[in-house]
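Residue numbers (the UniProt record's numbering), protein chains in the order written: chain F, 1 to 340; chain H, 1 to 340; chain A, 1 to 340; chain X, 1 to 340.
Do not take every clue at face value.
Unchecked claim - Label-pair restraints from in silico Cβ distances:
1. H:Asp168 / F:Asp215: 21 to 29 Å
2. H:Asp168 / X:Glu27: 48 to 56 Å
3. F:Glu43 / X:Asp68: 46 to 54 Å
4. F:Gly164 / H:Tyr202: 42 to 50 Å
5. F:Pro109 / H:Glu188: 48 to 56 Å
6. F:Ser139 / X:Gly38: 54 to 62 Å
7. F:Pro78 / X:Asn104: 50 to 58 Å
8. X:Asp55 / H:Lys52: 35 to 43 Å
9. H:Phe260 / F:Asp249: 36 to 44 Å
10. A:Lys39 / H:Tyr202: 17 to 25 Å
11. A:Glu43 / F:Asp257: 19 to 27 Å
Said to hold, decoys possible - Below, simulated PhoX-like cross-link-like pairs (lysine-lysine); rule was C-alpha separation at most 25 Å, straight line:
12. A:Lys187 / A:Lys206
13. X:Lys247 / A:Lys206
14. X:Lys42 / A:Lys252
15. F:Lys218 / H:Lys247
16. H:Lys252 / X:Lys42
17. A:Lys296 / X:Lys24
18. X:Lys39 / F:Lys187
19. A:Lys50 / F:Lys252
20. H:Lys296 / F:Lys105
21. X:Lys24 / H:Lys24
22. A:Lys247 / X:Lys226
23. A:Lys84 / A:Lys141
24. A:Lys206 / X:Lys165
25. F:Lys247 / H:Lys218
26. F:Lys226 / H:Lys253
Hint data in this document are derived by calculation from the structure and do not stem from the laboratory.
From the three backbone atoms N, C-alpha and C, an ideal C-beta is built for every residue, glycine too.
There are 4 protein chains.
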Amino acid sequence: MKVCIAGASGYTGIELLRILELYKEIEINQITSRQYSGKALKEAFPFFNKSKYQDLIFAEEVDATSSDIYFLCLPHEPSLELVKTLFENNKIIIDLSAAYRIKNKEVYPEYYGFEHRFPELLEVAVYGLVEVFRNDIKSAKIIANPGCYPTATILGLYPLAKEGKIQDDTIIVNALSGISGAGRHLKEDFMYPESFSNAYAYNITKHRHTPEMEDVIKRISDKDVKVRFTPHIIPVSRGMLSTITVKTDLSKKQLRDLYFDYYEKEYFIRLQDRPVRIKEVLGTNFCDIFVDKDEKTGYAVITSAIDNLSKGASFQAVQNMNIILGFEESYNLKNLPIYP
Amino acid sequence: MKVCIAGASGYTGIELLRILELYKEIEINQITSRQYSGKALKEAFPFFNKSKYQDLIFAEEVDATSSDIYFLCLPHEPSLELVKTLFENNKIIIDLSAAYRIKNKEVYPEYYGFEHRFPELLEVAVYGLVEVFRNDIKSAKIIANPGCYPTATILGLYPLAKEGKIQDDTIIVNALSGISGAGRHLKEDFMYPESFSNAYAYNITKHRHTPEMEDVIKRISDKDVKVRFTPHIIPVSRGMLSTITVKTDLSKKQLRDLYFDYYEKEYFIRLQDRPVRIKEVLGTNFCDIFVDKDEKTGYAVITSAIDNLSKGASFQAVQNMNIILGFEESYNLKNLPIYP
Amino acid sequence: MKVCIAGASGYTGIELLRILELYKEIEINQITSRQYSGKALKEAFPFFNKSKYQDLIFAEEVDATSSDIYFLCLPHEPSLELVKTLFENNKIIIDLSAAYRIKNKEVYPEYYGFEHRFPELLEVAVYGLVEVFRNDIKSAKIIANPGCYPTATILGLYPLAKEGKIQDDTIIVNALSGISGAGRHLKEDFMYPESFSNAYAYNITKHRHTPEMEDVIKRISDKDVKVRFTPHIIPVSRGMLSTITVKTDLSKKQLRDLYFDYYEKEYFIRLQDRPVRIKEVLGTNFCDIFVDKDEKTGYAVITSAIDNLSKGASFQAVQNMNIILGFEESYNLKNLPIYP
Amino acid sequence: MKVCIAGASGYTGIELLRILELYKEIEINQITSRQYSGKALKEAFPFFNKSKYQDLIFAEEVDATSSDIYFLCLPHEPSLELVKTLFENNKIIIDLSAAYRIKNKEVYPEYYGFEHRFPELLEVAVYGLVEVFRNDIKSAKIIANPGCYPTATILGLYPLAKEGKIQDDTIIVNALSGISGAGRHLKEDFMYPESFSNAYAYNITKHRHTPEMEDVIKRISDKDVKVRFTPHIIPVSRGMLSTITVKTDLSKKQLRDLYFDYYEKEYFIRLQDRPVRIKEVLGTNFCDIFVDKDEKTGYAVITSAIDNLSKGASFQAVQNMNIILGFEESYNLKNLPIYP
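With the hints as extra help, turn the sequences into a complete structure.
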């Protein structure tokens, strides 16, 4: 089984290389990167010294025929095109961009700046949030791998949404993200001296992940719900915490029972007994969830933690691959977090 | 003018020492500390080497007569008693504990674990949030210096609350705090290796600052409002960000105009043009505020940043002292943040 | 094969749990901890939720008979005794303390505060630095697992020392360590707010790892060499960098050739082309080394990086176990670092 | 007195703005920046909101006539030229670049890549290390403000060098620097996710500060001494620690007495009783020094800490200005560090 990682020099591409290293059944035969084109993996990233792929050379362009599985870690618009080509070549496609995540194509011009030219493929693509759409994934040809904020938030809301227990028409989501969420892009705000000791909200009234969350919650709950989403940057490299404040008439006990019923058997969902901590999921495929209820105000408060690059991106992509290839879903993904 | 700092070896005590060093009009003649009793300031904290107070010796107990002004950086219950004694001695008292912050004495047993034995002094004490209660402070004998979360949150809400423009009966407040907010206490959670890369909510359904916020907002707005407050710890030493999500029918422009009217002349309130950042207020007495409106959901989103140990504690205490002593309010407090 | 981890709630114990989780051939049947005695692993450390050992209960004391292999993550003196007992019980012992590391028993009273009561076992114990003493390890009954600073430093010096190419009688070693190196002990210096932004040397004229380094270098080089060792704490959780300044008459090319000859085939030694970085070895068993020569002064400068808890402690312990049990030496230890 | 800050949008320029804000005797009438040309200070850096200079506009080019004092925070080569012009205009010049630091002009082509075209001004320029060259500074027209590594290192060596008590011909200097030392330049290595948890040596065999240190030590000691200098990057924003290992026949007591004699009266040198910590000098003009002696090897180990942007750059520049203008040397520079 031959694998291509397109855009392999970004953070999610490197995370894929790290995890796919463990597979004996798979050979990575292509990695691409504009920035490092012509260089060996080890040369660009010395921490791949002694990796079995250390001498693999970054290509500039993707060869759409020579691999069987394509992980796309590209910007949204190049991904839009490439998926089309690969689909026509009958490849297995796991797209980490947003190009095929949202069923409502009207969202794309406003939030992504381009027309979605292949709406027919939007119907083909399966939203790769395994714990919600597992059955559809088994036979998927195109996986639209979820965004990081949507992964944490939707998993935190899923039982409530599915059971129709969200009362208000607006859900308040405040989320914290590590800086790696911005990708491997040079920007003064993300330099160490400026990020250090800092924290702030951003994109308060317009963030691309808001329509993605609303789109999926609607599909789950069959109800139009708005998400009041305020993302924040905090000074960590990786990690994401979604704090969801949502009206419900379930009591604390009912809430916890509901989440237990939905998630007890999900290997990658860990219901915790105290508010979840991002450190405890770093480098893993776990989504930790804690549910609480404030009886004075009638709000449930749900905190949900993932590693934005692992469960929020590359590990989830591999979880999807495992399902498609018929491996055990947790194959090579059961590692615990490094502590401390 | 002689000053005592009781509990001078905690973070707020040290912050007071640092800022009071600048005053020629004042002499610190007492510092107390259980932990360092008998030691010189410089010996306990070598960074006070070359300070004019370097040789001052920590006493074990407060002498309630030999100073004119008392800053109390003590736990809540010892503060409760000491304020009483100092008040009888006719001293100027600036209490950084919560012992006299909340007018409704019923709150104390539930949230602080003790009966408030001096309710008559609750009436005497002035809540030292200068931008709101400045007039009362001028002649105050007891200043109840505000908590850090309430400082950031109430300043972020004040114009809306005062003008009666809060629509819902619940305000959603999600706040981020640096670890110094927990004080100088040994706890595994706050060790570097465990705090590093971490972030989490805590005390979700019961935090002591919730009734403080509700009490003050009620006094400002004359309306019962509940605060759905979710505090979080993030890996910074200092700094606090309050993200307030509140229903209002004011438009974005009306909101900004309102805040401009209230705050343009306040030296220590800086209205910013983009979401505020904690790094930009560290070590200063500034409260930075950014107001935004999400027209789709009808919520205003206000972000408000302070340094929890400066404006959120010791600098605000000194701002109060400046007013009481008739100094210019910003005297010795105009420093800009260190960058980067 | 049954395994006991004594002192399993410290950082090295937890690191062992994390890595031994991967072994199907092994069952951990005992974990001990004073602090968490009677608690389940998952209860004490929620990040072990979903681990196969999540329900294992911490015992207070070690049962010296019911396991086959004992990893000791205890203070030095309790380890001294327990090794003796386990040796008499004919167990495989991997001791992460310093109790059996130094052949010269005179060192113990001065540096560790106790007499070494079992000098005969000092002869039995094998210093578990695999790349140097691999042959002795195969049949070892007691492994004295090396200290973190000695691991990084001796691996950085080994080819030079072995070939007799160290000219001066003093080697200058400046090393940087993450805070986890101090163990999971409460100390104000190691609280986040105080560690943050900090860096400093410590134990400048007397550090326990100095005689350990001198003892091993003497065994390698058959020459008395002194180490002028200055350790520093830097604000990272894990990671260790040893910067070795040593007089040699080898040229830069000769140096690099020598290290290539010694280390090219060592899986866990990665010779890098630029100064090594601690981030690139975190959570791995790699020791990255870069050698350079300053022709103006005649000094070679060698930088050597490890993760103090992995190659510097628990992973190296498992590497030793792999050899003793006849597994492939790198079995379960080939993971790459998490990036970024 | 009118002041120009050329290159005011870099870290040292901003540090100057922050400190010069405190001077009533001075008016900053020019700030320049390529990147922010045409923008107001507050617009480029919102943390200058409420500063008295908030509305000052960044100019693209320096006006060499309209100010009295010029602080140059420019790259080395533009500084070389501008100093010449300003000198001819009879201005007071404080140059934070290296263009006039080294008396031996032969160093420039090799280390800085340009010929020093104004060797006559090299004679005029005074090396602005106040504690060593104070007398020359009083009447200086051109101050060559010292580099950060040389400031920490030379102050750590000065008494030994001056007294001729350095035995060997090579001094071993290992230093740690915060990332701000690299300036406000976009580089992947300095992004938060890549800097975080990292530490490494760099420029091991050739760093520009080596000849600067050797040049000044020679002037102090009248002896040719080589410096074996290994700088390291650690994950802090600011702060610098120089660990100096140097052969001397002075005993520990003699060493400490010598340093006491030299430095007791220096306000900005603090001799500490334990190894110095960078956190304790951040944002201040202090240089903390601790001297120790390892009798076994005959080496003294001196640790010296500064803030690279304060004493290592902008505060030292202001200390020079204070002297030239006849102010008290410590005027506006006596602030203590922020803690924690």
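Here's how the hints hold up against the structure:
Roughly 26 Å separates the CB atoms of Asp168 of chain H and Asp215 of chain F, a value that falls within the hinted 21 to 29 Å. One distance hint, 48 to 56 Å for the beta-carbon pair Asp168 of chain H and Glu27 of chain X, holds here, with the actual separation near 50 Å. The given range of 46 to 54 Å is respected by Glu43 of chain F and Asp68 of chain X, whose C-beta atoms sit roughly 53 Å from each other. At about 30 Å, the beta-carbon gap between Gly164 of chain F and Tyr202 of chain H misses the expected band of 42 to 50 Å.
The hint said 48 to 56 Å for the Cβ distance between Pro109 of chain F and Glu188 of chain H, and at roughly 51 Å that hint holds. One distance hint, 54 to 62 Å for the beta-carbon pair Ser139 of chain F and Gly38 of chain X, holds here, with the actual separation near 58 Å. Range check, Pro78 of chain F to Asn104 of chain X: about 54 Å between beta-carbon atoms, so the 50 to 58 Å window is met. Separation of Asp55 of chain X from Lys52 of chain H is about 36 Å and conforms to the stated range, judged on CB atoms against 35 to 43 Å.
Between Phe260 of chain H and Asp249 of chain F the CB atoms are about 41 Å apart, so this pair conforms to the stated range of 36 to 44 Å. At about 21 Å, the beta-carbon gap between Lys39 of chain A and Tyr202 of chain H stays in the expected band of 17 to 25 Å. Taken as a hint, the range 19 to 27 Å holds for the pair Glu43 of chain A and Asp257 of chain F, whose Cβ atoms sit roughly 21 Å apart. Of the supplied pair hints, the one linking Lys187 of chain A and Lys206 of chain A holds, its CA atoms being roughly 20 Å apart against a limit of 25 Å.
Of the supplied pair hints, the one linking Lys247 of chain X and Lys206 of chain A holds, its CA atoms being roughly 18 Å apart against a limit of 25 Å. For the hint linking Lys42 of chain X to Lys252 of chain A, the alpha-carbon distance of about 52 Å lies beyond 25 Å, and the restraint is violated. Between Lys218 of chain F and Lys247 of chain H, the direct Cα distance comes to roughly 23 Å. Compliance with the 25 Å bound is thereby established for this hinted pair. With a C-alpha separation of about 22 Å, the suggested pairing of Lys252 of chain H with Lys42 of chain X holds against the 25 Å cut-off.
Only pairs whose Cα atoms come within 25 Å are accepted, and Lys296 of chain A paired with Lys24 of chain X is rejected, the gap being roughly 50 Å. For the hint pairing Lys39 of chain X with Lys187 of chain F, the CA-to-CA distance comes to about 19 Å; that is within 25 Å, so the pair holds. Under the criterion of a C-alpha separation no larger than 25 Å, the hint pairing Lys50 of chain A with Lys252 of chain F is consistent with the structure, at around 23 Å. About 19 Å separates the Cα atoms of Lys296 of chain H and Lys105 of chain F, which keeps this hinted pair within 25 Å; it holds.
For the hint linking Lys24 of chain X to Lys24 of chain H, the alpha-carbon distance of about 18 Å falls within 25 Å, and the restraint holds. Distance check on the hinted pair: Lys247 of chain A and Lys226 of chain X sit about 14 Å apart at the alpha-carbon level, within 25 Å; holds. A threshold of 25 Å between alpha carbons decides the hint, and for Lys84 of chain A with Lys141 of chain A the separation of about 11 Å falls inside it, so the pair holds. Among the hinted pairs, Lys206 of chain A with Lys165 of chain X is consistent with the structure: their alpha-carbon atoms are about 24 Å apart, no more than 25 Å.
Only pairs whose Cα atoms come within 25 Å are accepted, and Lys247 of chain F paired with Lys218 of chain H is accepted, the gap being roughly 23 Å. This hinted pair checks out: Lys226 of chain F and Lys253 of chain H have alpha carbons roughly 23 Å apart, not beyond 25 Å.
Checked against the numbered hints above, the structure violates hints 4, 14 and 17; every other hint is satisfied.
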